[in-house]
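Engineer: Sequence:
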Amino acid sequence: MNHLTSVFEAVKDVMKTFIDNEPKPPLHVGEVMTCWTYLTMLEEEIANVKIGLNTTTDSELLNALNGSMELAEAQAKELRDFMLSEGVPLPPVSEMKPKSVPDTVPMGVKLTDDEIANALSIKLVANYMMCANGAVQSVRNDVGMMFVKFQAEKLKFGASLKTLMRDRGWIKIPPYYVPNGLPTQ
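When you line the sequence shown up against the numbering used here, it's residues 476 to 660, in that order.
Hint data in this document are derived by calculation from the structure and do not stem from the laboratory. For clarity, every value in this text was computed on a predicted model and none was experimentally measured. Hints may be right or wrong, so weigh each one.
Said to hold, decoys possible - Pairs of lysine-lysine, BS3-like flavour, derived with a Cα cap of 30 angstroms:
1. 624 to 572
2. 574 to 525
3. 647 to 585
4. 525 to 637
5. 647 to 572
6. 552 to 572
7. 525 to 624
8. 574 to 552
9. 598 to 637
10. 637 to 585
11. 637 to 574
12. 598 to 631
13. 637 to 624
14. 585 to 631
15. 525 to 585
16. 552 to 631
17. 598 to 572
18. 598 to 574
19. 631 to 647
20. 598 to 552
21. 574 to 585
22. 624 to 598
23. 525 to 572
24. 572 to 631
Unchecked claim - Derived DEER-like restraints, expressed as beta-carbon distance ranges:
25. 656 to 631: 35 to 45 angstroms
26. 634 to 532: 16 to 26 angstroms
27. 651 to 478: 25 to 35 angstroms
28. 498 to 657: 53 to 63 angstroms
29. 583 to 504: 42 to 52 angstroms
All C-beta atoms in this analysis are idealised placements derived from N, C-alpha and C, irrespective of residue type, glycine included.
Full structure from sequences and hints, please.
Structural biologist: Now the structure itself:
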């Protein structure tokens, strides 16, 4: 990941020159919609991560959930501040979940660690794809770079989550494809 970080930093330095010297027209409707939708996704991720934190006792999964929470909260704050500075109204968000003791959650309601990890993984993929959309649909370079940064942060987090899920046997792998006539080893 250090190579990815250094590449991102080099691109960011080059783009900063363009961003600093670029006129700042109002956001177009696509940029606003992407910002609004991504902030909604982050707020929903935070609510769902809190459910996972209230459900699991697995220390590695708790660590991953806390990492996801920190990243989502940091990105949500940056995006919220940006949207407010641009005059974009903020989306309504889910009510925050109160803290509870995992052992008191009834078994018919309690998510398994596998379910928690896979739900987090699915949210991560959706976030990553939304960031890619935000980056390529943006006309303003500052908006595009913000989404590239968010995407790189999600990619870095996702690599560690994938390792945990693979090590624990939680990752969902589709059937392997073996074409007809493939020589056997």
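Engineer: Assess, step by step, whether the Cα of residue 552 is no farther than 30 angstroms from the Cα of residue 572, and give holds or violated.
Structural biologist: holds, 19 angstroms
Engineer: Is 35 to 45 angstroms a correct range for the gap between the Cβ atoms of residue 656 and residue 631?
Structural biologist: Holds: the Cβ-Cβ distance is about 40 angstroms, inside 35 to 45 angstroms.
Engineer: Could you tell me whether the CB distance from residue 651 to residue 478 stays inside 25 to 35 angstroms?
Structural biologist: holds, 29 angstroms
Engineer: Regarding the pair residue 574 and residue 585, is the alpha-carbon distance no greater than 30 angstroms?
Structural biologist: holds, 14 angstroms
Engineer: Run the distance test for residue 647 versus residue 585: straight-line Cα separation, threshold 30 angstroms.
Structural biologist: Judged against 30 angstroms, a Cα distance of about 20 angstroms means the pair holds.
Engineer: Just to be careful, I want the Cα atoms of residue 574 and residue 525 compared with a cutoff of 30 angstroms; is the pair within it?
Structural biologist: Holds, at roughly 8 angstroms.
Engineer: Going straight from one Cα to the other, do residue 637 and residue 624 come out at no more than 30 angstroms?
Structural biologist: The hint holds at about 20 angstroms.
Engineer: Holds or violated: residue 525 and residue 572, Cα atoms, limit 30 angstroms.
Structural biologist: Answer holds: residue 525 to residue 572 is near 6 angstroms, not above 30 angstroms.
Engineer: Using the C-beta atoms of residue 634 and residue 532, is the stated range 16 to 26 angstroms upheld?
Structural biologist: Between residue 634 and residue 532, where Cβ atoms are some 25 angstroms apart, the hint holds.
Engineer: Taking only the CA atoms, is the gap from residue 598 to residue 637 under or equal to 30 angstroms?
Structural biologist: Given that 30 angstroms is the threshold and the Cα spacing comes to 13 angstroms, the pair holds.
Engineer: Just to be careful, I want the Cα atoms of residue 525 and residue 624 compared with a cutoff of 30 angstroms; is the pair within it?
Structural biologist: holds, 24 angstroms
Engineer: Verify the proposed pairing of residue 631 with residue 647, using a straight-line Cα cut of 30 angstroms.
Structural biologist: Distance of about 20 angstroms is within 30 angstroms: holds.
In this structure, every one of the numbered hints holds.
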